[in-house]
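Peer 1: Sequence:
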Amino acid sequence: MAGMPASLPTVDDVMGVLRGVIDPELGSDIVDLGMAKGATISDEGEVLVTIALTTLGCPLQTQIRKDAVARIESLPGVTKVKVKWSELTADEKAATMSRARKNAADNAGPNAIPLTARVLAIASGKGGVGKSSVTVNLAAALAKRGFAVGLIDADIGGFSIPRMLNIEGRLDGEMDGEKQVMKPHVRAVGAGRLEVVSMGFLVDDEESALLWRGLMLNRAVQHFLEDVAWGDDLDYLLIDMPPGTGDVAMGLARMLPRAEMIVVTTPATGAQKVAARAVSMARKSHLRVAGAIENMSVFVAEDGQEYELFGSGGGAALAAMAGVPLIGSVPIEPSVSRGGDEGSPAALGDGPAAQVFAAIADRIVEEISPPIEMAGCSARMLEHAVAALDASGVLEAIDAEDAAQAEADTSA
-18 MAGMPASLPT VDDVMGVLRG VIDPELGSDI VDLGMAKGAT ISDEGEVLVT IALTTLGCPL
42 QTQIRKDAVA RIESLPGVTK VKVKWSELTA DEKAATMSRA RKNAADNAGP NAIPLTARVL
102 AIASGKGGVG KSSVTVNLAA ALAKRGFAVG LIDADIGGFS IPRMLNIEGR LDGEMDGEKQ
162 VMKPHVRAVG AGRLEVVSMG FLVDDEESAL LWRGLMLNRA VQHFLEDVAW GDDLDYLLID
222 MPPGTGDVAM GLARMLPRAE MIVVTTPATG AQKVAARAVS MARKSHLRVA GAIENMSVFV
282 AEDGQEYELF GSGGGAALAA MAGVPLIGSV PIEPSVSRGG DEGSPAALGD GPAAQVFAAI
342 ADRIVEEISP PIEMAGCSAR MLEHAVAALD ASGVLEAIDA EDAAQAEADT SA
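Counting from 1, position 136 in the sequence shown corresponds to residue 117 in the working numbering; the numbering is continuous, with no gaps.
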């Protein structure tokens, strides 16, 4: 973008989005772990962020850089992102490990989502744009590629995923230590699989209305995040969000700060303008907006003639406004609607829509949100540092300091 940006992010804005960058091995964000050392923003919108690693040769460096750059670039006014690398000192490594251990103890069990899973929240500004259909078909397309894909139907009162996948029956439970957890329904898709949870598997009648308020809705989503026995090898977790920017959307941002949002709109200008609110909500909640998908783009007749039944340009306009890629445009095709009614996603068949969903899945895997590869370094490097510092009593001093601070906070 030429010239000076109209508005620039603050250092707090940058550090806020970096809280969504999780060290896959330590399970906490790089800000909380003390790895994000600071940021500067130039008048031209260029951001320089300093990140300290356990070792400069860490194989996870590439993954952390991708996540950090993608999230910072999602901030309005940012024109360029540079990452400056440094290395934690021995004392800082000990403090980082101590913080990771404390977080693990404080948060034991609240989030059952594997750290290796990319979390994609599929959102829309309003209902009626085919968000659930896009979610199901995208999940099926990813599974068809051989990935293990989790699917949460977070539209608690308007659940539709069970019918779209033709999955019935209550969720079974099992004991995980002293805690009972739900087992997701599993559907094999080619070389991959879908693991699915929905309120539709917990009610007796699909047509019964759930008269729940915000707190109960949030609690239901929280159960799906905390109390489900997801597979340890999960590659992606897709969340079918309720339309709009209400309690569930804001609650998810708090419970899963590493989630990335994909916004669905139709070509109509009115739908695009409403979808822009979902983008605004995500950014105010420090979530990365990964891209936009235009649904119901055109109808292609048998003679090849295209008809713009719902207008044109909404997806491109939303992507341009948000400064994110338009990942794909899904045409109007009877197989999409029929597949949703019959539980056979169009993405698993042939035709223009199936080809588009396959292309969208390809872009997500190869460009937008690639699978997390656990190269491993933090835990092993810190094991050696911690062992050495344990012998010298440094960790005990750090833990004692944390305990004293906690007691002081409680007294205050």
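Don't take every hint at face value.
What the hints assert, rightly or not - Straight line, CA to CA, 20 angstroms or less: simulated PhoX-like cross-link-like pairs of lysine-lysine: (1) Lys63 / Lys18; (2) Lys18 / Lys47; (3) Lys18 / Lys61; (4) Lys125 / Lys107; (5) Lys61 / Lys47; (6) Lys254 / Lys18; (7) Lys254 / Lys265; (8) Lys65 / Lys47; (9) Lys18 / Lys65; (10) Lys65 / Lys254.
Simulated from the structure, these hints should not be mistaken for lab results.
Peer 1: The structure should be examined with respect to each hint, and the outcome stated for every one.
Peer 2: Results of checking the hints against the structure:
| no. | hint | verdict |
| --- | --- | --- |
| 1 | Lys63 / Lys18 | holds (14 angstroms) |
| 2 | Lys18 / Lys47 | holds (17 angstroms) |
| 3 | Lys18 / Lys61 | holds (19 angstroms) |
| 4 | Lys125 / Lys107 | violated (29 angstroms) |
| 5 | Lys61 / Lys47 | holds (13 angstroms) |
| 6 | Lys254 / Lys18 | violated (37 angstroms) |
| 7 | Lys254 / Lys265 | holds (17 angstroms) |
| 8 | Lys65 / Lys47 | holds (13 angstroms) |
| 9 | Lys18 / Lys65 | holds (10 angstroms) |
| 10 | Lys65 / Lys254 | violated (37 angstroms) |
Of the hints listed earlier, those the structure fails to meet are numbers 4, 6 and 10, in rising order.
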